[in-house]
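Q: Chains as they are written, first to last, in UniProt numbering: chain C, 1 to 287; chain W, 1 to 249.
Don't take each hint at face value.
Claimed, not checked - Here's a subset of chain W near chain C, in silico, CB distances under 10 Å, partners left out: (1) M52; (2) K91; (3) K108; (4) H234; (5) P235; (6) V236.
Worth flagging that the hints you see were computed from the coordinates, not collected in a lab.
Values in this document were obtained by computation on a predicted structure and should not be read as measured data.
We put the CB at the ideal spot given by N, CA and C, even for glycine.
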Amino acid sequence: MTQLTNKQTRMRKDQAMMAGVWASAGLTIIFLLWVVWHILSNGLSHVSWEFITGSYTRIGEASGIWAMIISTIYMVGLSLGIAAPIGIMTAIFLTEYAKPGSKLVAGIRFCIESLAGIPSIVYGLFGMTFFVTVLGLGFSIIAGALTLSMLILPVLIRTTEEALIAVPMSYREGGYALGSSKIYTIWRLILPNALPGIVTSIILSTGRVIGESAPVFLTAGMVTQIPESVLDSGRTLTVHLYKLTQELFTQHEWNQAYATATILIVLVLLLNLATKIIAARFDKHSH
Amino acid sequence: MNKLEVNNLNLFYGENHALKDISLPIPAKQVTALIGPSGCGKSTLLRTLNRMNDLVEGVKIEGDVMFEGENIYADIDVKQLRMRVGMVFQKPNPFPMSIYDNVAFGLKAQGEKDKELISEVVEESLRSAALWDEVKERLHTPAMGLSGGQQQRLCIARAIAMKPEVILMDEPTSALDPIATHKIEELMDELRKKFTIVIVTHSMNQAKRISDKTAFFWMGELVEHADTDTLFQHPVDSRTQGYVSGEFG
Ligand SMILES: Nc1ncnc2c1ncn2[C@@H]1O[C@H](COP(=O)(O)OP(=O)(O)O)[C@@H](O)[C@H]1O
Ligand SMILES: [Mg+2]
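Just chain C, with the same shape it has in the complex (with noise of 0.2 Å):
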């Protein structure tokens, strides 16, 4: 009899402990569309060829993001552009040329993890000091690179770490016994197979260059031109929204906010989108 009653609690509890599983997942799908359908519903009808390819003044009528977009594009090139050899190259030391459970391997482990906890603000801190008036490079697009490229390397190290430890032993043993060198080796067999993880890191990294706000705008400044070089300031699509949520004043102004933060949604959307096809490509290629 107790044991029968003992079934039934049990019972009770699996149903309860679905029931919470069901609903936390549920929960979370519906944040994620709330917030999704919240923007583009306030936003989407301000979007339009104008805005996107527009000019913008502060106080003019102007409000266009075409150098927001522009200064995005060459803030994600030029971190990635300096991020990703290092990143990739720093990963490709530690498994494949280090000692593993070395103290220099410790070490570098333990300042990646360091750093990836440091907080982004701090950064902007530093690149201000530094990048931007000791090496004297000013309020620019270089600077604000530097500074972020800073930022997504312990991620991107990591990532690529993992991708490259996850290509089987016996291709690196199959590669050596033939007598191939270890840069051939890497070369030609290890990174390849690799390339799926560590296109996904370049672009999570994208994601977070384009998703940064206050370490850009303490390096890279607001200037709302088309940077002519490097060495000029610009302002990313998200300083820009920052920006104008600073200043909601109007109607328009807040049109203008909802308008880019759906621009923003939509990148984040097609970067996510990009990854998973790249990781099935890849995957449907190994089989």
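Dock chain W with the ligands against chain C, hints included.
A: Relative to the frame of chain C, chain W with the ligands by itself:
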């Protein structure tokens, strides 16, 4: 004439004394089988012959291995050694690329650019590995699409493409079904004419079928080695007797 000679070889994985004072001659153009219970050091010994143990952290090796009179643990070019002493692994490990590129990999790694020459070597190697007829229509399809037995023969072709003198095989058929195993054994009968072969096997019947010499290992020691027939019919050591009569292992 011995192709390889292992002399008083000791190998340590950290504290683990995995090979204990091994001395073993490996005659040219013959098949030498390494047998013994799991964990006795067969793979470890095999991997000392092309210095694959260099990849393992914390390995310490004493003694020497002479290859055509030259100590391979002296200051030699390991890449060169591995081209002359090829290896086939226990689990087929084709690279995730086309059949053609698998066989061409080693040549390209040596900087060979001549496309015609590479094509010739690929065909020749696939023929030598008895795989050509099965794959000639789909050389540029992924190697992962081949069956296990075909993959293993592809790995043999890949090794042959380097024109090695010795081929090391670590239980090359243990992951294969009986039919694929039979094919590989047939192939080895051809290969023995051209190459010196050292094969680790867990199957005593396989050792009997394909090898000229057999060496029996027990807990890191080489207990005895002899002509295959002699070792199986008149083992000297009681441990060998026990093992070949199937009492344990
Ligand atoms: N990479 C390695 N690192 C540490 N110990 C190893 C390694 N490979 C093998 N060993 C140890 O060496 C001994 C012999 O292993 P192995 O040569 O693989 O035996 P077998 O091939 O005869 O089964 C075992 O005790 C095994 O645990
Ligand atoms: Mg083994």
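Q: Answer holds if the nearest beta-carbon of chain C is closer than 10 Å to that of W/K91; otherwise answer violated.
A: 7 Å, holds
Q: Is the interface hint for W/V236 satisfied, with its Cβ closer than 10 Å to some Cβ of chain C?
A: 35 Å, violated
Q: Are W/M52 and chain C close enough, Cβ to Cβ, to be under 10 Å, as the hint says?
A: It holds, given that the least Cβ distance between W/M52 and chain C is near 6 Å, below 10 Å.
Q: Does the CB of W/H234 sit less than 10 Å away from some CB of chain C?
A: Since chain C brings no Cβ nearer than about 36 Å to W/H234, farther than 10 Å, the hint is violated.
Q: Does the CB of W/K108 sit less than 10 Å away from some CB of chain C?
A: 8 Å, holds
Q: Does the nearest C-beta of chain C fall within a distance shorter than 10 Å of the C-beta of W/P235?
A: 33 Å, violated
In terms of the numbered hints stated before, the structure departs from hints 4, 5 and 6, listed from lowest to highest.
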